[in-house]
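Those sequence lines, one after another, are chains V and H. Going letter by letter, the first sequence gives residues 9 to 541 in my numbering. Going letter by letter, the second sequence gives residues 826 to 1037 in my numbering.
A hint or two may mislead.
What the hints assert, rightly or not - Dumping the calculated DMTMM-like pairs for lysine to aspartate or glutamate here, alpha-carbon to alpha-carbon at most 20 Å:
1) V:Lys290 - H:Asp875
2) V:Lys475 - H:Glu871
3) V:Lys340 - V:Glu310
In short, the hints are calculated from the structure, not lab data.
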Amino acid sequence: MQTRLHLICVITLAACLAFSWQTQAAEESSPAPGRAMARQAGIMSGDWTTADHSEMEKLQQTFESGPEITEACLSCHSKADDQLSHTIHWKWLSPYEDGDLIGKAGYSVNNFCISTNKMEDQKCSSCHIGWNGKEDGINCLRCHGGADMDWQAQFKDYQFFKEMGETELVEEIQADIKKAVTDITRPTRQNCGSCHFNGGGGEAVKHGDLDASLIKPKRSLDVHMGIDGQDFSCTRCHTTQEHQVSGRVYSTPAVSERKSLVEDDLAPKISCESCHTATPHKDGKINDHTDMVACQSCHIPEFARAHATEMTWDWSEAGKLKDGEPYIEKGKYDRPVYKSIKGTFTWEKDVVPKYYWYNGSVAALTAKDVIDPSKTVRVSHPVGERGEDQSRIFPFKVHWANQPYDKVNNTLVTPLLSKANDGYWKTFDWQDSLSRGMEIMDLPWSGELGFVETTYVFPTTHMVAPKEQALDCRACHQLEDGRLENLAGFYMPGRDHFPMLDYGAWGLAIAALAAVLLHAIGRIMASPGKREE
Amino acid sequence: MNEQMKKIYLYTRYERFWHWLQMALIAVLLATGLEVHGVFSLIGFERAVDVHDFVGLTWLIAFFFFTFWLFTTGEWKQYIPTTRKMLIVIRYYSYGIFRGEPHPVPKSKKAKHNPLQRLTYLSLAAVMLPIQMITGLLYWSYNSWGAWGLDFLTMGAVAFIHTAMGFGILIFVIIHVYMTTTGHTVFAHIKAMITGWEDVEKSATVEEWEAR
């Protein structure tokens, strides 16, 4: 009887413990539901291309300028220019608002190179998808060309040698041009990355999760794009409709509804849920998080995991010269820590993101907005709050800067940086570059220059790590220094306590222990044996 | 066993099984609960949550069987509270026990519990444990509160009650385990809960009210 009872107790305990091991084992044997779904959605079915551009008659001609190439493209793709002219890639203005307020070509400012001065700035415009900044029309090959080519230089050389009568060189250049014109692709990582990996004036400056390391990433850096893994291109998720590429985050979210492909097979694949569904984990408790916590929060444990990213920029230090010449000083990670034309920088690798409630929208200031320079100015900040249907806890890179503002008008100001010999990068003269820059913007400038501390945010969504690297529960569910320490207004197990309850309860438990100990001592002291003595 | 003692069969097989099963469940729940609470780190947060959830649900289901047993066997009557002899029992534990006096309310098949035990076990089985199970179930299912029309609940309130009751049970365990040593030998009561046979004094008489 006794043994049998013991046996039952042991079996019960063993069953409890076995449960946890068994679930662990099951996790390893078959993929989580969200993974299985995504694998189905992500099956590659080979090359879909039905055309070989090297066989196209229209492309067998001599091209003497960029617009001639575009004309050839449009002779077949007749709707492409109209489609493209409405996109943010062409306009640099938010397609979701009327007018020219929001967007790079509008009054939007950031805390990097601040403004494009309505695209008058030459350096900024080098990323525009036209042949010559916003002049001379669309350059289709910026996104669809497989060859890496400096078209402006190429056509310049062509004209030069043609005038010189160097027929052999002219033919050689023309052969290169033809080869490039017929090398047509869906946008590759190089196409997108030539601008998006270099935002803010250099590689890995702006985004902590988008840099040149994504051209040939390992699976451990990006589980989707890893060349030793799924090998996705950007357009695998950034699906396109009429040349509108999904995924742009301005005042409107990249997606308004969280739909999986099962619910709507023509929905953009831009959100994690598109392929992985809203219940991707095998463990129900972890799925209970997906209504509050974005996938990115746990699955991108740090950003800038391959290349260091720029975290701070102090414009007020700009303009120092050595022997009358601008200079560059390099520091850790072989990145510049000082540039005469820009100021001082700091760079960081493996950065732990900051977490905020985020409904997919980012609110940003424009050069027209009045700021309060007594506080750190949020040039952009995530929008969203707890309890909102679309809001999730989301990881961000927060970029700090000290940037120029107008002390009288209390506005952020937009210096002209690069334009022939006029910009700050040539003159190192704040007054001149600011009065030029503000004049282009048609905004008032008092002449009183100050510097104000600002922050700018980037949602962290690329460089998703393999599941083994996902955050441990304790990263957030812990008493002190948890990642969600700054988020208030809700109780989170492991992080939150009721101090009075804890003190009271432990006090009572210790009191009870002391009482029984005293009672036991009393019994021993007064035991019959003792009494008889 | 001395000559004034006799053995009576006090705890049935199911009762003993239930007692030790519940002991094991509570031990695991206390340990994993405190780990989730951040008191110590033993098996890791995620596994602690998994084990806590599984064992908690197991307990909830097992508790239904216990309730069924309690009512079908009439054993629920053992938990009817009384104030009679209450003061005498309190006097015994705070004074008489040190003088080697016999227990004023001897155990019998029909009255397993003294008035203090009746009150303690009733508040445990009818109040604390059900509250703990209900708050635990709510805690576990918090994503469904909206669908169940329970939006007025807050995680903080549920967690507060669940934590408070958890500590309450911890304090009960401390006192309960100690009280098992107050039999005529240190392990007498524990042995009885294992074998079912309790030693009671031969001369002990069971009063009418205790046997109802």
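Status of each hint after checking the structure:
1. V:Lys290 - H:Asp875: At roughly 12 Å apart (the allowed maximum being 20 Å), Asp875 (chain H) and Lys290 (chain V) satisfy the hint.
2. V:Lys475 - H:Glu871: holds (15 Å)
3. V:Lys340 - V:Glu310: Cα-Cα ~19 Å, so holds.
The structure agrees with every numbered hint stated previously.
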